[in-house]
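Numbering (our numbering), first residue to last: 14 to 602.
Rather than coming from a laboratory, the hints here were simulated on the basis of the structure. Bear in mind that the values here come from a model prediction, so they are computed numbers and not experimental data. Ideal Cβ positions, reconstructed from N, Cα and C, are used throughout, including at glycine. Hints should not be assumed to be uniformly reliable.
[Claimed, not checked] What follows is a list of derived Cβ distance ranges for each label pair:
hint : residue 1 : residue 2 : range
1    : 566       : 151       : 52 to 58 Å
2    : 318       : 266       : 21 to 27 Å
3    : 301       : 161       : 49 to 55 Å
4    : 566       : 271       : 17 to 23 Å
5    : 585       : 509       : 30 to 36 Å
6    : 151       : 360       : 50 to 56 Å
7    : 290       : 81        : 54 to 60 Å
8    : 81        : 360       : 27 to 33 Å
9    : 573       : 400       : 48 to 54 Å
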Amino acid sequence: MSEPEVLRELGPLEAFLASVSDAPFLALDTETSGLDPHKDRVLLLQVGTATRQVLVDAAAVGPEAIRAIFDDRLIVMHNASFDLKMLMATYGDAAGLRSARVGDSQTCEQLLRNGRRSDVVMQGYSLKALAERYAGMELDKSIRQGFYGIQSLSELSSTELHYALRDVEATWKVFASQLPELERDGLTRVAGIEGAAAPAFAELELTGFPVDVDAWGSRLAEARGRSESTRRALDWEFREVADRDLFGGSTLNFDSDEEVLEALGRLGIRVQSTRRDALMATGHPAAAAVAAHREQQKIVSTYGESFIALAHEVTGRLHPRFKAIGAQTGRSACSEPNLQNIPSDSSFRSCFRAAEGRVLVTADYAGAELRILAEMSEDPVFSRAFMDGLDLHAAVASRLFGRRVDKESEPELRARAKAINFGLAYGMGAGGLAAQLGIPEREAEQLMQAHFRAFPRIRAFLEDAARQALRRGFGETMAGRKLWFTDMRRDGRDEGTLTRIAKNMPIQGTNADITKIALARLVRAFAREGLKARLVNMVHDEIVVELPEAEGEAGAEILRKEMIAAGAALLRKTPVEVDVMTSPSWTKG
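Could you put the whole structure together from the sequences, leaning on the hints where they help?
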């Protein structure tokens, strides 16, 4: 086996790129010394087509080589955000990667298989699995381990270099095979949305979220103190129905749903679930004590030492992993750690603080999913409320209850209307609404029926969306993202669950599509305007940016403008609003 040539100068690379200029796209892959962009580096670049590929010594070329590769052409990668993150760390802003045109064979496969059963789904979405499926190629992924920890390409064998070429060949062939399937299923547009957002997800992971570790420790100590206090309250409330240990505490296992429900029963409290809303609906102090203790325990376990220990040893920041398609609706997911499950009212949010001389700008869509529901249903009350900038929940409550309602007068009725509005958007039934409001299910059912009578277009849209989705076998967002139901039904999912998913998927999925369009627009806009702004977090339809104080006003305006433009790309009739707040710490107004 002959030794593959490795290019080390820009000229030969440009000559190669010119020779494949008629290709509809190029595939690209990287080999790195490890997986940490702050400690490891890109060793090798592979770029090419199904028939012609070239290797590039990453250490020998500069950012101009990356610009030459990405210059006004579609570049396809597998798990694109990882390659982009490593390239961004290696070559910096000069490489122009924030404005790259990107395709991702991994996310394309997720789009194609969303809800469908297949061998590929069972094996995961690895390049190895897709290469076998689409190109009949066998990739020995164990060879990749030979790249980790090396310092020079001279340490690589001819076998390892040939493997690198096969990797990019496979990526090209897989994507070429996916393209007609994407077109057949009407997924071309949403595949473009996912690809365009890849540089943003790469930036999120690379930049990381600044966190004050000492402040976090203080918040955690406070949470532990509250947890101990709620435990003492539990011991007191259950003193008559639980045995005592040597120290006077209850021997009841408050983490066991079965034991808690049994003990509540002995206190004369009949409740079917230990969910917080169900416990609070009883109005009994013992049930409330269980809910309070579990809430504090969750805080301690979720935000304990294991969470903050993930702060990076080099940057001091949290660098989570974002999964662009983390749910079947298209929503993203976050892990190591999960920065998307920190409630907006949590005191831990204040521990995320911008570096000295910088600020955080937090922007989120106001009532995004209800605006999407208004657009899709064309309900006149919902549409008019958003067109005129009215309080939708108050308007709905006023119609439902036949009296004037606003935030100051009759706030409880407004809260009920708000719960119904969002419940419908999430496909919630009467049982869920009853639990959330702490009312009998019969009363919740009456409320929902009253809402349907007052807003028949909302009901008609939701029922028709579910009926059409289950009839044709898929639900669909406004951008064309699809979730297939046929295999779910074959796998025994009950009709009620499928109906709920079918109602919610177009709404939540469209929200995810809009947010990803916004992410892509933002990184391009910041690059275009020359701002030093960086994405540091996103929580579904909330986006957080860190930037110099001097750029705060300009950055906030770009956030607002680009997020509104992203919403307008799908919502043609319903105006989009974005709430923006600038602060030294992570704050949501």
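If I claimed the Cβ atoms of residue 573 and residue 400 lie 48 to 54 Å apart, would that claim hold in this structure? violated (19 Å)
Return holds or violated for the Cβ distance of residue 301 and residue 161 against the range 49 to 55 Å. holds (53 Å)
Go ahead and decide if the range 54 to 60 Å is satisfied by the Cβ distance of residue 290 to residue 81. The hint (54 to 60 Å, Cβ to Cβ) holds, given that residue 290 and residue 81 are roughly 58 Å apart.
Is it true that the C-beta distance of residue 151 to residue 360 lies inside 50 to 56 Å, as the hint says? holds (53 Å)
Hint says 30 to 36 Å; check whether the CB-CB distance for residue 585 and residue 509 agrees. holds (33 Å)
Hint check for residue 271 and residue 566 - Cβ pair distance inside 17 to 23 Å: For residue 271 against residue 566, whose Cβ atoms are near 56 Å apart, the range 17 to 23 Å is violated.
For the pair residue 318 and residue 266, does the Cβ-Cβ distance stay inside 21 to 27 Å? holds (24 Å)
When you take the CB atoms of residue 81 and residue 360, is the distance between them in 27 to 33 Å? violated (49 Å)
Taking 52 to 58 Å as the stated bounds, is the beta-carbon spacing between residue 566 and residue 151 within them? The hint (52 to 58 Å, Cβ to Cβ) holds, given that residue 566 and residue 151 are roughly 56 Å apart.
Hint compliance for this structure: hints 4, 8 and 9 are broken, all remaining hints hold.
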